[in-house]
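Chains S and D, in that order, are what the protein sequence lines are. So that you can map any letter, position 194 of the first sequence is 218 in the numbering used here, and since no number is skipped, the others follow by simple counting. So that you can map any letter, position 211 of the second sequence is 215 in the numbering used here, and since no number is skipped, the others follow by simple counting.
No lab work stands behind these hints, which were simulated from the structure alone. Source: prediction; values computed, not measured. Think of the CB as a built atom: it goes at the ideal place given N, C-alpha and C, for glycine as much as any other residue. Please note: incorrect hints may appear among the correct ones.
What the hints assert, rightly or not - Short derived list, chain S residues pointing at chain D, Cβ under 10 Å:
{"no.": "1", "residue": "31"}
{"no.": "2", "residue": "33"}
{"no.": "3", "residue": "40"}
{"no.": "4", "residue": "41"}
{"no.": "5", "residue": "62"}
{"no.": "6", "residue": "79"}
{"no.": "7", "residue": "82"}
{"no.": "8", "residue": "84"}
{"no.": "9", "residue": "86"}
{"no.": "10", "residue": "98"}
{"no.": "11", "residue": "146"}
{"no.": "12", "residue": "174"}
{"no.": "13", "residue": "175"}
{"no.": "14", "residue": "179"}
{"no.": "15", "residue": "266"}
{"no.": "16", "residue": "287"}
Claimed, not checked - Simulated crosslink set (DSS-like; lysine-lysine; CA at most 25 Å straight-line):
{"no.": "17", "chain 1": "S", "residue 1": "175", "chain 2": "D", "residue 2": "62"}
{"no.": "18", "chain 1": "S", "residue 1": "154", "chain 2": "S", "residue 2": "175"}
{"no.": "19", "chain 1": "S", "residue 1": "102", "chain 2": "S", "residue 2": "175"}
{"no.": "20", "chain 1": "S", "residue 1": "102", "chain 2": "D", "residue 2": "62"}
{"no.": "21", "chain 1": "S", "residue 1": "217", "chain 2": "S", "residue 2": "245"}
{"no.": "22", "chain 1": "S", "residue 1": "245", "chain 2": "S", "residue 2": "286"}
{"no.": "23", "chain 1": "S", "residue 1": "154", "chain 2": "S", "residue 2": "217"}
{"no.": "24", "chain 1": "D", "residue 1": "162", "chain 2": "S", "residue 2": "175"}
{"no.": "25", "chain 1": "S", "residue 1": "216", "chain 2": "S", "residue 2": "286"}
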Amino acid sequence: MNCGQVQKYIHAYLDGELGTDISVELERHLEGCSRCRDQMDFEVSFIDEVRSRIAAEQAPSDLGTQVGRLLAREDGRKGRRRIATMMVGFASAAALAVVAWAGIAPLLRSAQDLPAIPPLEEQVVSNVVKNPPLEVEHADANAVSDWFVGKVSFAVEPPRFATTELSRLLGARLYNVGDNDAAYLVYDVDGKKVTVQMFRSPREDEIALPVGRDVRRLPTKNGGWVTTTRGYSVGVFSTRGVTYTVTSADLDERDLASLIEKMR
Amino acid sequence: MDQDKMSRAKPGRRDRRQEFEEVALPLMDALFAMAVRMTGNRDDAGDLVQETYLKAYKAFDSFECGTNVRAWMFKILVNTYYNIHRHRRIGKDLAEASGGVWMNREVISQETMRAFRDPTSAVTGRMTTMEIETAVRALPEDYRTVFLLADVQGFSYKEVASSVGCPIGTVMSRLHRARRLLQRHLLGDGIFERAERGEDASVTSLEEFRARKAGGGNT
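With the rest of the complex left out, here is chain S (with noise of 0.2 Å):
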């Protein structure tokens, strides 16, 4: 090593972060080089004096106060969230045992039709629909999972396929299911497009198991199904508080769902 490559790496020699074989050569020709031996006293001594000067900030004594009502509110409206899904429940409750006692069929239809929000499956397919250009081109799901972290309120690991098929990850992007923001993912899973997309959703009726509709159960995602709407096929499942939509035109319902079954 010689005087200019000690140049290089002198700052990430002194933070510790120089790799054992590098360092070795450095040291060696610091043994020899009283010029590059002055040289790091100056850089420690410059370091330590930035360090030891620049102000400690103390934030304004009611930034706390501030930052504990932010967190007050938010467990606030979570909790109202699942109140009004409760509601909406007891309401689906009773209005379906009237429905039971009278038998009238089509009053069914309006006690499901309670929460004023589309299917969850035509939300996400009509998503899919408008084909949305990805922010980060990754395959590497860490890389992807990093893109997102302050994005969204979760934290997101692209599902991988474990198929005996070429699965890989195309991209991804920030998008909206309903009120959510959502994790928007894309694969290739040998040759056929795959979307997925994650979500924390407040509301438990929005994901629940629709009734009188023709769905198909997943029976190791618990609660799960699947269904096929405009030509497509979609796939929904909730982990851990958070909601996973499969959607792909180019597999029908009995092969999503296979695929499903095999995501980790």
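Based on the hints, put chain D in the right spot on chain S.
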């Protein structure tokens, strides 16, 4: 059953919040210090810190206990900041490219090193808190972020790389350049002298250096 669910859910949330507050609130001064130097003023810094806490709290379920909560919170802070000010990142490659030119070719003069050891010299006199803060503010944004995380907050290169979302090699070169820019700002343009002839300082990466070594290059 629904009744049961509600009575269980409430204390659960409160416990969770308490847990979050216990680990996250002690970091507020450090996060604020970072935010002030990133945003340039205390009002925006306060907003950034609040946003950071809210995001962290919403994502707290996914946080694994035992991992570094400090690094996690700073990562969210940096990400939140860049999400808001994403447009400002345009042109960072330009700054990076131009920054490298003189720094690999010039070295600190011996005169400067001598002067720095003398507490009465004009050189050390310039190292006041206010001057240092000004110099830090004058750093290009990406260098400043790396400098603040590594030198002020004491994160490892790996943690900085994770927060900023760049390779460790980039952290290394940005930090190196940030410190050189600070030296130039604080100690004056005259502190550098050109590298002597024959000193090859243009090696750009560890890999390249090793490859050259393996190929029998001179040391």
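Check the structure against each numbered hint from earlier and tell me which ones fail, lowest number first. Violated: hints 11 and 16.
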